[in-house]
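All chains, full assembly: derive it from the sequences and hints.
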Amino acid sequence: MILRLDQIGPGLEDKVGGKALSLARLQQSGFKLPKAVCLPTGVYLDFLEQSGLKGKLFLELGRKRFADMRWEEIWDISLRIRSLFLRTPLPSALEVDLAQGLAAEFAERPVAVRSSAPGEDAARTSFAGLHDSYLNIEGGGSILEKVRLVWASLWSDRALLYRRELGLDPAKSAMAVVIQEILAGDSSGVAFSQNPLDPNQAVVEAVHGLNQGLVDGSVQPDRWIMRRQSGELLSHTPATREKAVMPVEGGVELRPLDQKLAGKAPIDQDQVHQVFTLNLKAEQLFGAPQDMEWTWGNNALHVLQSRNITSQADQDQDDSRIKYLGLTRSLENLRQLRQEINQELIPGMAEEARALAALNLAGLSDTQLAEEIERRQAIYGQWEAEYWRCCIPFAHGMRLFGQVYNDRLKPRDPYQFMRLLAGAGLISTVRNQNLQELTAMLRRDSDLKCLVEEGELPSPDHPFSRALAAFTGQYAGGAWAGEQLDMSAPQIARLALRLSRMEPAGPSQEESGVPELETAFFDAFPPEQMEQARELLQIGRDSYALRDNDNMYIGRVQGELLAAQAEGRKRLQHAMGERTPSLSGSQIVAALRGGTLDASGDEPDAPSRSQGAFRLMARQLVGQPAGQGVAVGKARVVLNSQDLFSFQAGEVLICDAVDPNMTFVVPLASAVVERRGGMLIHGAIIAREYGLPCVTGVPQVTELVKTGEMVTVDGHLGLVIVGPNRLEPA
Amino acid sequence: VRWEPIAPEPEPAGLRQSLHNLLDRQRLGVLSSVAGEQPYASLVAIAASPDLSRIYFATSRSTRKYANLEANPRAAMLIDNRSNQARDFRQAMAATATGRVEELTPGAEAAFGQFFTAKHPYLDDFISAPSTAKFCLRVKTYFVVNRFQNVMELHVDLKS
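Going down the list, the sequences are from chains A and B.
Under this note's numbering, residues 1 to 730 are what the first sequence spells out, in order.
Under this note's numbering, residues 731 to 890 are what the second sequence spells out, in order.
Since the hints were derived computationally from the structure, they do not count as laboratory data.
Each hint should be verified, as a subset may be incorrect.
Only pairs whose alpha carbons sit at most 20 Å apart, straight line, appear in this in silico DMTMM-like list of lysine to aspartate or glutamate [said to hold, decoys possible]:
#1 A:K54 / B:D781
#2 A:K706 / A:D643
#3 A:K706 / B:E883
#4 A:K35 / A:D46
#5 A:K35 / A:D186
#6 B:K870 / A:E49
#7 A:K32 / B:E883
#8 A:K172 / A:D186
#9 A:K35 / A:D6
#10 A:K15 / A:D68
#11 A:K56 / B:D818
#12 A:K281 / A:E205
#13 A:K570 / A:E483
#14 A:K35 / A:E138
#15 A:K264 / A:D186
#16 A:K54 / A:E145
#17 A:K64 / B:D781
#18 A:K172 / A:D270
#19 A:K15 / A:D169
#20 A:K634 / A:E483
#21 B:K870 / B:D781
#22 A:K172 / B:D818
#23 A:K64 / A:D216
#24 A:K260 / B:E883
Pulled from the structure, derived: some chain A residues nowhere near chain B, Cβ distances all over 10 Å [claimed, not checked]:
#25 Q7
#26 L59
#27 E138
#28 V215
#29 Q220
#30 L234
#31 E340
#32 R408
#33 K449
#34 E503
#35 Q620
#36 S670
#37 R675
#38 P729
#39 A730
Heads up, the beta-carbon is just placed ideally off N, CA and C, and yes, glycines get one too.
Laid out in structure tokens, this is it:
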């Protein structure tokens with residue numbers, strides 16, 4: 001069950017993975033390396049089979065086609081699977097065997113637990129860095145917990161996305177694990193027997209302490225370039241030596257480097273030459289240029305691992321691997337993003353929208369209007385780029401918090417962490433509260449209600465009219481579904497009227513028990529890590545709120561672009577008649593300038609629900625459970641603002657992608673269903689705020705369900721059931 | 731390389747083709763008939779017409795299912811491709827056909843021979859026995875389940 005390196009030979013790659021195989025070859029060829037063993041893929045597969053996890057993995061993967069999943073959905077799957085691995089104990093016989101075997105090999109000496117997935121380092125499928133490694137782990141129980149996490153990393157979002165890009169089926173993947181004694185070297189590094197930038201050169205890089213910091217980029221290395229042929233030293237670029245990764249109890253830590261070491265290169269020239277020579281020897285052994293990790297400890301040079309350098313032909317593939325590696329954001333990076341969003345982006349977008357709204361479009365000539373549309377297009381494009389650069393990555397704050405929360409507390413519900421994030425000042429929920437205040441005025445004053453029911457509004461100085469004007473003043477201008485939403489006073493009054501006929505909402509059940517959860521979270525950290533825990537929670541909360549709020553701000557900028565286009569359409573209406581609604585922005589600009597255009601504006605055919613002599617009907621659609629509870633109601637498929645403002649109390653909101661700009665109808669809804677998938681998307685967030693059943697990630701739901709059909713939304717199981725349960729007799 | 735590309739999977743748009751493949755490949759189905767208030771299930775050999783509007787099967791006239799169908803022609807048939815492995819929860823597909831059965835009269839057996847006998851040539855003695863009744867289930871609706879809980883309905887609109 002546990003293979004020592006001398007038991008691993010050629011032909012076992014499928015069982016032990018590339019990393020273990022190359023370590024075995026190095027050791028068998030006389031290289032000095034720290035003691036290591038391998039848990040082959042069979043142990044992983046036994047664990048899946050005996051624990052029942054295998055069936056659960058199939059259920060997770062079975063919900064929809066892997067190729068159709070959005071990144072958010074893959075992240076969700078990954079979160080749930082990681083939680084399953086954390087919560088599923090090793091079957092006791094397996095655990096006893098492994099613990100005894102590992103104790104015999106390592107006793108209580110610290111080890112590194114590393115992934116060695118078959119195919120991981122193979123030429124065409126470089127998984128380098130995509131799976132997890134854990135350093136400085138002591139004792140059987142701790143090692144086995146990390147082994148489960150390394151296994152789970154086969155299912156991390158980045159590893160899953162990378163497999164999808166390569167067309168690999170995750171259900172057929174397996175993971176071997178290498179457990180290697182930690183040699184607390186005085187200095188460590190990497191070496192390339194061939195410089196990827198110049199085939200005549202070789203490179204040695206070194207840092208003080210462990211080389212984790214070099215590999216993940218947090219410690220800058222000293223670098224030496226040599227001539228490959230002769231070993232002649234061509235250059236030495238010293239680093240600003242400030243930090244080093246050192247072993248601490250239960251892991252490693254980045255620490256400031258002491259003054260004496262900071263003034264000294266991690267290795268001397270003779271040592272550089274020894275690393276270079278060893279690297280070339282490895283190249284001869286493997287028959288290809290090598291990327292080698294090494295450490296200098298106990299007065300001797302040790303190899304930690306060696307693999308083929310990724311060839312030029314694999315660069316493209318490497319680019320996408322690096323792209324997926326970028327999915328993980330450090331706390332430092334998130335901190336910077338938050339500052340930029342709060343201090344620059346949000347005030348900038350708000351100011352931009354205000355300035356644009358102040359311009360009187362009706363006063364422009366056609367040519368000026370054409371120019372204004374183009375100017376607004378460019379402005380919106382710039383803000384959209386900023387949104388993608390900062391706001392989308394900042395959403396990782398929630399994910400980072402979620403992962404830390406789950407790793408520490410191993411909750412049964414892997415989304416329990418969301419309860420700690422909710423209620424953190426979303427503009428959309430404040431807007432909805434303001435709307436509820438209008439609603440309360442209608443409930444209290446039956447004369448006022450009668451007046452509004454007749455389509456009238458009271459005089460402008462009536463408290464209701466003033467509150468209504470304040471509401472439309474504050475929230476008008478947002479965009480959704482390619483239109484600037486009509487948040488006029490009569491429109492909002494009708495909405496408030498519909499809300500006033502519903503039972504006043506009680507407090508959401510989400511709010512109860514939050515202080516207890518917060519205490520449990522902080523209790524899971526030792527005192528010296530408390531500050532970090534607090535910051536993580538704050539980043540998570542800010543990320544949760546900003547994810548919603550930044551959409552509101554960019555929605556206003558987009559709304560002003562759409563307003564200018566709408567003005568153009570209005571002017572073209574008499575010349576072009578019916579076609580104008582389908583004109584694109586650039587067509588409007590061309591027509592305003594007096595140019596001719598091909599305004600065929602073909603509308604795509606609505607997807608047919610008929611297949612030959614069969615009528616296709618959805619009966620039960622599967623998505624992700626994203627809000628607990630069950631609700632039955634008439635479907636309202638909301639595709640545009642007309643659908644939105646037709647929304648009636650008690651209907652089920654069925655939507656392609658919920659956006660905070662349109663969630664003022666959510667308090668009317670009995671449930672929320674969204675085509676787009678994920679637990680941390682707007683539909684799921686707003687449904688949680690209101691305690692509504694919610695299912696997300698239902699493929700083609702807006703085509704398969706029609707407005708008016710009765711639907712049952714099962715938010716526990718993630719099901720949308722269409723039609724009555726009674727079967728018509730044949 | 732041990733990794734295999736992911737096979738394409740059925741989509742709502744390709745559902746009819748998937749259903750066709752299922753009925754074509756599966757030799758057996760589970761027939762549900764009713765005895766008064768009591769449902770009754772039996773495994774039978776099946777063959778479907780290419781337009782999927784009919785599913786043919788046969789049974790001895792002395793069986794319970796024959797008696798049930800004679801008394802009440804309403805029936806359902808379950809056809810699935812499960813392999814009794816964990817992967818079924820991701821990959822298996824099942825179709826429940828509902829409708830009415832009719833016993834084929836000696837003059838109306840051409841289609842039966844064309845589809846059923848061609849699919850199950852080893853059943854020739856069983857089919858030709860004088861005590862065997864040949865049936866056709868005229869399908870009104872297929873309820874197609876895949877991915878464990880995804881359910882679509884295909885309503886057969888053929889007038890024939």
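Handout entry: Violations among the numbered hints, reported as their numbers in ascending order
Key = The structure conflicts with hints 1, 4, 6, 7, 8, 10, 17, 18, 20, 23, 24, 26, 35, 38 and 39, although it agrees with all the remaining ones.
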